[in-house]
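A.B. asks: Here is what each chain is made of, one letter per residue.
2 protein chains.
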Amino acid sequence: MDVLVPFAAREPKTRLAGTLDADERAAFARAMLLDVCDAVEAAGGEPTVLATEPLAIEQPVVVDKRPLTPAIDAHLSPPAAVVMADVALVTPAALRRLFATTGDVVIAPGLGGGTNALVVRADGFTVDYHGTSVRDHRRAAEGAGIDARSVDSFRLAVDIDEPTDLAEVLLHGDGRSADWLKNAGFRLAETDGRTTVERRG
Amino acid sequence: MDVLVPFAAREPKTRLAGTLDADERAAFARAMLLDVCDAVEAAGGEPTVLATEPLAIEQPVVVDKRPLTPAIDAHLSPPAAVVMADVALVTPAALRRLFATTGDVVIAPGLGGGTNALVVRADGFTVDYHGTSVRDHRRAAEGAGIDARSVDSFRLAVDIDEPTDLAEVLLHGDGRSADWLKNAGFRLAETDGRTTVERRG
Chain A
1 MDVLVPFAAR EPKTRLAGTL DADERAAFAR AMLLDVCDAV EAAGGEPTVL
51 ATEPLAIEQP VVVDKRPLTP AIDAHLSPPA AVVMADVALV TPAALRRLFA
101 TTGDVVIAPG LGGGTNALVV RADGFTVDYH GTSVRDHRRA AEGAGIDARS
151 VDSFRLAVDI DEPTDLAEVL LHGDGRSADW LKNAGFRLAE TDGRTTVERR
201 G
Chain B
1 MDVLVPFAAR EPKTRLAGTL DADERAAFAR AMLLDVCDAV EAAGGEPTVL
51 ATEPLAIEQP VVVDKRPLTP AIDAHLSPPA AVVMADVALV TPAALRRLFA
101 TTGDVVIAPG LGGGTNALVV RADGFTVDYH GTSVRDHRRA AEGAGIDARS
151 VDSFRLAVDI DEPTDLAEVL LHGDGRSADW LKNAGFRLAE TDGRTTVERR
201 G
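First to last, the sequence lines map onto chains A and B.
Once you know that position 180 of the first sequence is 180 in my numbering, the rest is easy, because the numbers rise by one and skip nothing.
Once you know that position 24 of the second sequence is 24 in my numbering, the rest is easy, because the numbers rise by one and skip nothing.
Honestly, the hints are just simulated from the structure, not real lab data.
These figures come from a predicted structure and were not determined experimentally.
Since no wrong hints were added, every one of them can be taken at face value.
Partial list, computed: chain B residues near chain A (C-beta under 10 Å):
#1 S150
#2 V151
#3 V158
#4 E190
All residues carry an ideal CB built from backbone N, CA and C; glycine is no exception.
Work out the full structure, taking the sequences as your base and the hints as a guide.
C.D. replies: The following block contains the structure:
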């Protein structure tokens with residue numbers, strides 16, 4: 001399976017700006033990208049990083065400076081998949097389940113209405129990553145008479161965008177992203193509600 | 001599979017206090033409980049509601065006023081499962097996958113370190129729902145030489161505790177909980193980040 005991994009190479013992860021400085025955000029975003037590419041390869045996929053800027057990385061890179069939606073539409077050639085570069089909990093098993101799910105379109109929902117991973121086997125399906133994309137993708141498939149399925153995966157649902165998401169990486173990750181956070185001094189912090197993170201040192 | 005569904009009958013869902021008043025929280029919590037019980041039954045499980053107060057509901061109810069951990073430990077008789085009453089996105093398919101996962105202990109992680117569903121097939125495993133329970137349950141299993149597995153499910157991972165979680169119900173639910181929110185005037189609201197909810201009328 002060809003897998004596009006879109007990556008915002010310039011100023012990634014701005015919603016973590018209160019928690020990580022710009023250099024840290026870039027380093028952490030790269031750690032997540034590498035974790036995702038590793039998992040794609042381990043699941044038998046062939047990742048191509050779709051980056052907004054040139055990028056030094058082992059995997060093939062295609063540079064497209066346009067916003068996410070037109071860039072993906074230009075480079076997605078079915079059958080193919082799109083896996084976001086910030087699903088840091090991803091495992092080969094989760095991706096194998098995604099790739100093995102039948103359907104002309106297979107959606108892995110993200111928290112808050114995102115589409116964290118997508119398999120497109122039908123021609124004529126246009127992506128739309130703006131706004132509540134999981135709803136828009138379902139509607140687009142329905143409107144085009146395309147059979148759309150979902151894959152039910154926590155590891156694909158959690159994209160790392162906000163400070164509270166960092167706890168998920170510490171709890172469930174075992175790759176570069178989790179190591180990066182630990183080395184940067186992040187530790188789990190229990191609260192009355194969901195466990196979050198604190199930074200030491 | 002016998003399935004305990006713990007339910008805080010008195011003042012449920014306090015973290016939604018800024019969004020729903022006390023009567024609304026009680027009604028919404030009950031809608032979620034019924035959705036969970038329906039899904040358990042549809043997946044071939046036999047739910048027993050473990051409630052802190054007497055409760056009028058079709059399913060069997062056991063009342064235990066103690067905190068969650070001692071109450072579950074007292075009433076969990078392996079092989080059996082525990083499914084939280086607020087996993088409003090749950091489907092029979094997600095529960096079938098949970099029940100079918102082999103292992104003496106099977107954990108469905110919740111957002112923020114929770115344990116939203118649990119299958120216990122081994123004697124001698126003690127639950128601990130306080131704090132970061134997913135980590136504590138893994139450690140307890142390891143310490144007792146018990147084989148613990150995880151099930152990777154978005155629908156089991158999202159428990160509905162906080163206002164932003166309500167968007168997940170509107171996006172992915174199709175039972176009483178989603179209907180309750182729609183009837184109460186909640187609609188999806190797009191933001192720059194994750195989609196959330198707004199209330200009209």
